[in-house]
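Visitor: Here is how the chains run, residue by residue.
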Amino acid sequence: MAPSTSSAITLNINGEKYTLPVDHRTTLLDALRERLDLTGTKKGCDQGQCGACTVLIDGRRALSCLQLAVAAEGRAITTIEGVADGERLHPVQRAFLELDGYQCGYCTPGQICSALGMLAEHADGWPSAVTADVRPEAEPPPLSAEEIRERMSGNLCRCGAYVQIAQAVARAAESPLGETEERVA
Amino acid sequence: MSATTDSTTMTKAVGSAHTRVEGVAKVTGTARYAAEVPHPELAHGWLVLSTIARGRIRSVEDAPVLGMPGVLAVLHHGNAPRLDGTYTTPFGPPDRGLQLLQDERVPFVGRPVALVVAETPEQAREAAEALVVRYDEEPHDVAFFADRPGMYTPEGAEQGKGDVAAELAASAVVVDARYSTPEEHHSAMEPHAATARWDGGRLDVIDSNQGSRWVADELAKLFSLDPDAVRVRSEHVGGGFGSKATRPHVVLAVMAATVLRRPVRVVLTRRQMFSLVGYRSPTEQRVRLGADPDGRLRALDHQAECLTSTVHEFIERSADFGRPLYDADAHHTVTRVVALDVPTPTWMRAPGEAPGSFALESALDELAEKCGIDPIALRLRNEPAVGPLSGLPFSGRNLRGCFEEGARRFGWADRDARPGVRREGRWLLGTGTAAAAFPTLSAPSTAAVTAEADGTFTVRVTAMDIGTGARTALTLVAADALEVPPDRIRMRIGDSEFGSAIIAGGSMGTRSWSWAIIAAARELRDRLVPGAAVPPEGITVRSDTSAAVGALPDMERHTFGAQFAEVAVDVTSGEVRVRRMLGIFAAGRIVNPLTARGQFIGGMTWGLSMALHEEAIRDQASGGHVGADLAGYHFSAHADIPAIEADWLDDPDPHDPIGIKGIGEIGVVGAAAAIANAVWHATGVRHRTLPIRPDRVLTAGAGGHA
Numbered sequence: 639m640a641p642s643t644s645s646a647i648t649l650n651i652n653g654e655k656y657t658l659p660v661d662h663r664t665t666l667l668d669a670l671r672e673r674l675d676l677t678g679t680k681k682g683c684d685q686g687q688c689g690a691c692t693v694l695i696d697g698r699r700a701l702s703c704l705q706l707a708v709a710a711e712g713r714a715i716t717t718i719e720g721v722a723d724g725e726r727l728h729p730v731q732r733a734f735l736e737l738d739g740y741q742c743g744y745c746t747p748g749q750i751c752s753a754l755g756m757l758a759e760h761a762d763g764w765p766s767a768v769t770a771d772v773r774p775e776a777e778p779p780p781l782s783a784e785e786i787r788e789r790m791s792g793n794l795c796r797c798g799a800y801v802q803i804a805q806a807v808a809r810a811a812e813s814p815l816g817e818t819e820e821r822v823a
Numbered sequence: 046m047s048a049t050t051d052s053t054t055m056t057k058a059v060g061s062a063h064t065r066v067e068g069v070a071k072v073t074g075t076a077r078y079a080a081e082v083p084h085p086e087l088a089h090g091w092l093v094l095s096t097i098a099r100g101r102i103r104s105v106e107d108a109p110v111l112g113m114p115g116v117l118a119v120l121h122h123g124n125a126p127r128l129d130g131t132y133t134t135p136f137g138p139p140d141r142g143l144q145l146l147q148d149e150r151v152p153f154v155g156r157p158v159a160l161v162v163a164e165t166p167e168q169a170r171e172a173a174e175a176l177v178v179r180y181d182e183e184p185h186d187v188a189f190f191a192d193r194p195g196m197y198t199p200e201g202a203e204q205g206k207g208d209v210a211a212e213l214a215a216s217a218v219v220v221d222a223r224y225s226t227p228e229e230h231h232s233a234m235e236p237h238a239a240t241a242r243w244d245g246g247r248l249d250v251i252d253s254n255q256g257s258r259w260v261a262d263e264l265a266k267l268f269s270l271d272p273d274a275v276r277v278r279s280e281h282v283g284g285g286f287g288s289k290a291t292r293p294h295v296v297l298a299v300m301a302a303t304v305l306r307r308p309v310r311v312v313l314t315r316r317q318m319f320s321l322v323g324y325r326s327p328t329e330q331r332v333r334l335g336a337d338p339d340g341r342l343r344a345l346d347h348q349a350e351c352l353t354s355t356v357h358e359f360i361e362r363s364a365d366f367g368r369p370l371y372d373a374d375a376h377h378t379v380t381r382v383v384a385l386d387v388p389t390p391t392w393m394r395a396p397g398e399a400p401g402s403f404a405l406e407s408a409l410d411e412l413a414e415k416c417g418i419d420p421i422a423l424r425l426r427n428e429p430a431v432g433p434l435s436g437l438p439f440s441g442r443n444l445r446g447c448f449e450e451g452a453r454r455f456g457w458a459d460r461d462a463r464p465g466v467r468r469e470g471r472w473l474l475g476t477g478t479a480a481a482a483f484p485t486l487s488a489p490s491t492a493a494v495t496a497e498a499d500g501t502f503t504v505r506v507t508a509m510d511i512g513t514g515a516r517t518a519l520t521l522v523a524a525d526a527l528e529v530p531p532d533r534i535r536m537r538i539g540d541s542e543f544g545s546a547i548i549a550g551g552s553m554g555t556r557s558w559s560w561a562i563i564a565a566a567r568e569l570r571d572r573l574v575p576g577a578a579v580p581p582e583g584i585t586v587r588s589d590t591s592a593a594v595g596a597l598p599d600m601e602r603h604t605f606g607a608q609f610a611e612v613a614v615d616v617t618s619g620e621v622r623v624r625r626m627l628g629i630f631a632a633g634r635i636v637n638p639l640t641a642r643g644q645f646i647g648g649m650t651w652g653l654s655m656a657l658h659e660e661a662i663r664d665q666a667s668g669g670h671v672g673a674d675l676a677g678y679h680f681s682a683h684a685d686i687p688a689i690e691a692d693w694l695d696d697p698d699p700h701d702p703i704g705i706k707g708i709g710e711i712g713v714v715g716a717a718a719a720i721a722n723a724v725w726h727a728t729g730v731r732h733r734t735l736p737i738r739p740d741r742v743l744t745a746g747a748g749g750h751a
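Chains as they are written, first to last, in my numbering: chain A, 639 to 823; chain B, 46 to 751.
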C-alpha cells in the first residue's frame with residue numbers, strides 16, 4: 639500500500655485551533671491562504687526571498703513559504719490577523735498607518751510581523767550585522783536607523799516605502815527616530 | 046493660485062495630510078488582493094512556459110498528465126479556444142503576445158505553451174512540472190549591443206533642428222560619451238493573479254491590474270464578447286509600475302473558466318513574472334554635447350537604442366527626455382530599436398525618462414566639469430523660454446526654483462567642485478545633482494457621483510489604487526468639490542462597471558479621474574436643492590471629460606525637479622553607499638502631502654536601486670534569464686536606503702480644475718544620474734554603465750573611465 643500523502647493536522651493560529659487535512663506538500667503559507675482563508679499573510683515570491691509571508695512562530699519571525707504546514711503543528715503561530723487587539727490597532731500597526739509606512743500594502747503584513755519579531759529580538763539583546771558591541775554581556779544597542787534598516791532587510795518593499803517604514807518601526811519602538819525625522823539637509 | 050481655479054480650491058481637504066482611507070484594512074491584513082477572494086468550486090491553473098528561445102512546438106504530451114490526481118484539463122495550442130487578434134486598443138495595435146496558445150510558434154524563453162488546471166494548486170503545479178513538451182528548435186538571437194545590425198528608427202522617434210555636425214565643430218567644448226543601462230524588471234510585490242468565472246451569461250473576473258475597464262474591454266475583444274458581458278474588479282492591487290496591463294494570466298484564466306465552466310484562478314510565480322509581464326529594455330545611448338566656453342549649448346545630440354520582441358513593438362524612448370529640457374542651436378534626438386527573440390518590454394515607471402535622464406544628465410555633468418562651471422549653473426544657463434523643438438509655451442516651468450531651493454537645503458554652495466578630495470577613512474565622499482522632467486498628461490474619464498439619502502456621497506470611477514494613494518486623494522478631491530468633510534465620501538474604484546476611465550499610468554491617473562469627479566460633483570451640487578430631501582435611490586450625476594480634455598490648449602506640459610545625492614565609495618570593496626538624497630519638485634498641486642511624499646521618495650528609491658543594484662542577466666546561449674528571482678534580481682532593500690527627503694514648490698497647473706499635474710514617476714527621473722555624478726565627484730571616475738557595481742568601481746581605476 640502506498641504511503642499516505644495527506645494528514646489531518648491541527649494548527650494553533652492567533653490563539654485558535656484549526657484542524658484540517660493537508661497534502662503533505664502544503665506550505666504553511668498555502669495552508670493559511672488557500673485552506674483557512676487567512677489571506678493577510680502574502681505570497682510575494684514563494685521561495686524565501688521577499689519576506690511578504692513573514693509570520694511569528696513561537697514569537698520568532700519565520701517565512702511561512704519555507705515551512706511545511708505539517709511541521710507547524712504544536713507551535714504558536716501569529717499572523718497579521720492576530721496582531722491587533724480586537725478593534726484596537728497594535729502600536730506598530732498604528733505607526734505604519736499614521737506615518738504612511740506602506741503604499742500598495744502587499745508587503746505590509748510581513749513588514750509588521752517582521753517588525754514585531756525584530757523588536758523582541760532586539761529587546762532580548764540579539765545583535766545585528768551592524769551592532770558594534772556583540773559581546774554576550776553587552777547591552778542591546780540603541781535602535782538607530784541603521785539598526786532598524788539592517789534588521790528589517792529581509793522584507794522587501796518595491797513601492798519604495800522603506801524611509802517611512804523605518805520611521806514607523808522607530809515610532810513604535812519609541813525610538814527618537816520616529817518623532818524627529820532624520821534630516822538630509 | 047491660477048485664474049481658472051475657483052472656490053472649490055478654497056476648502057481644506059485637498060492639501061492637508063490624510064492617512065489612507067483603506068489604511069486599516071492594509072495594516073490588519075483584511076484588504077483582499079486578486080488571488081484572495083474565495084470562490085466555491087475554484088479550480089487552479091498553472092502555466093507551462095517554453096524552454097527554448099525560438100522554434101516550434103512539435104508535441105504537447107498531455108495524456109500522462111491528464112491521468113494525474115486532480116487534473117481537470119491541459120490547454121495548449123491544439124485544443125485552446127480561438128482568440129480574436131484583429132482589434133485595436135487605445136494604445137495602438139494589440140499586443141500579439143496575448144494571442145496565447147493559438148499556434149505552435151515559440152518566440153522567446155518563457156512563453157506560455159500550456160495551462161494545466163487541477164483541483165488544488167499543488168496538483169496543478171505537479172502536473173505542470175511533469176508535462177513534456179517537445180520542440181523543433183531554431184537558432185535564436187538575443188544579443189543586444191550598440192549599433193548592432195537590425196536597428197531601425199520607428200515612426201515618430203526622431204526629432205531635430207539645426208546642423209549638429211556644424212555646431213559640434215564650432216563648439217569650444219565637446220562631450221561625446223556612451224552610456225548603457227541593463228534590462229530592469231518592475232517586480233511588483235503582488236504577483237499577477239486572476240480569478241475568472243461565468244455567472245449566467247456574464248464573465249466575472251477578479252484581477253490584479255492597472256485599469257479594470259481597459260482589461261475588461263480587451264478581454265471582450267479577445268473572446269468576441271459583448272463588452273457589457275464582461276466585468277473586471279481590482280479592489281486592491283499590490284503594485285504595478287507599468288507591468289499590470291492585460292497579461293497572460295487573466296487571458297488564460299478566462300480561457301480555462303470558459304472551457305471548464307467553473308471558476309479558475311491563475312497566479313503567476315515570481316519566476317514566471319520575469320518573462321510574462323514586461324520589463325524595461327536595456328539601452329545603449331550616445332550623447333554628444335557641444336558648448337561655448339560659458340556652457341551655452343550649441344549642439345545637443347542624443348541617440349538611444351533599445352530592443353523589442355518579434356511579437357510586438359515597444360519602444361523605450363530614452364532620447365525623448367531632452368526635448369523639452371534644454372535648448373541648443375542644433376538639437377537632435379532619436380531612439381532606434383531592434384527586434385530580438387526575447388519577451389516584449391513595456392512601460393516601466395518613467396519609461397524613456399529613467400534611462401534617458403541617466404545618460405543626458407550624466408553628460409551635462411561631464412560638460413560642467415569640462416567647462417569648469419557649476420553643474421546647476423550650466424543647466425540654468427540653458428533654460429529655454431519656449432519648447433526647444435515645439436516652440437510652444439510652457440504651462441509652467443520652475444526647474445530653476447527646484448534647483449535653488451534644493452541647493453540651499455542640500456548645502457550645495459559649500460561644495461568643493463574638485464573630484465576625489467573628500468575622504469573619511471576608507472570612504473571617498475562626493476555629491477551630485479541632476480535635473481528631472483516628466484510629461485504632464487491627462488486623458489478622458491467618466492465618473493458618477495451620487496447624493497445619498499443619508500447625507501453621504503458615493504463616487505464611482507474606474508480609478509485604480511496600485512499603491513499611489515489615489516483612493517485617498519480622490520476622496521479629498523470629492524470632499525472639496527462637494528463641500529463636505531472627507532468622511533462623508535464613499536469612494537468606489539477598481540470596477541469596470543463604473544465606466545470608462547484612464548488607467549493608472551503615465552502619472553495621469555489622479556489628475557484625469559479628479560477632473561471627472563469634480564465635473565460630476567459640481568453639477569450635482571448645483572442640482573441639490575437646499576433643504577429638500579434626497580429620494581431613497583439618491584441623485585446621481587455622471588460626467589465625461591472627453592470634451593474638456595480635448596479642448597486643452599497645445600502647450601509644453603511637464604513636471605520638473607532637482608535631484609541631489611551624497612555617496613560614500615569604499616575604496617577597498619568598491620561598494621557605493623548613498624548617504625542622503627534630496628529631491629525638490631515642481632509637480633502641480635499636491636492633493637495629499639502624506640501620500641505624495643511617499644510617491645516622490647518611492648521614485649527616488651527606484652532611482653537609487655537603478656543606479657546601484659538592478660540588472661537582469663540574459664544568458665546568450667539559452668536565451669533565458671540567469672537568476673530570475675528576487676535573489677538573482679536585487680532591488681534595493683531596507684539596508685540600502687538612507688535618509689531620503691522630498692519636498693515640493695507651489696506649482697499649480699493653470700489648466701487643471703484644481704491644479705493637479707501628476708507625481709508618480711518624476712521621482713525616478715534624474716535620480717540615478719545624480720548618484721552617478723556623485724560617484725564621479727567622490728572618485729574622479731565616470732561610471733557610464735549601470736548598475737554601478739562594486740566590481741565596476743574596483744576595476745575602473747583612478748582617474749579613468751568605467
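A couple of the hints might just be wrong.
Chain A side only, calculated, beta carbon under 10 Å to chain B, not exhaustive [said to hold, decoys possible]:
no. : residue
1   : G682
2   : E736
3   : A770
Just so you know, these hints were derived from the structure itself, not from any lab.
From the three backbone atoms N, C-alpha and C, an ideal C-beta is built for every residue, glycine too.
Visitor: Please name the hints from earlier in the document that this structure breaks, with their numbers sorted from lowest to highest.
Guide: Of the numbered hints given earlier, the structure breaks just one, which is hint 3.
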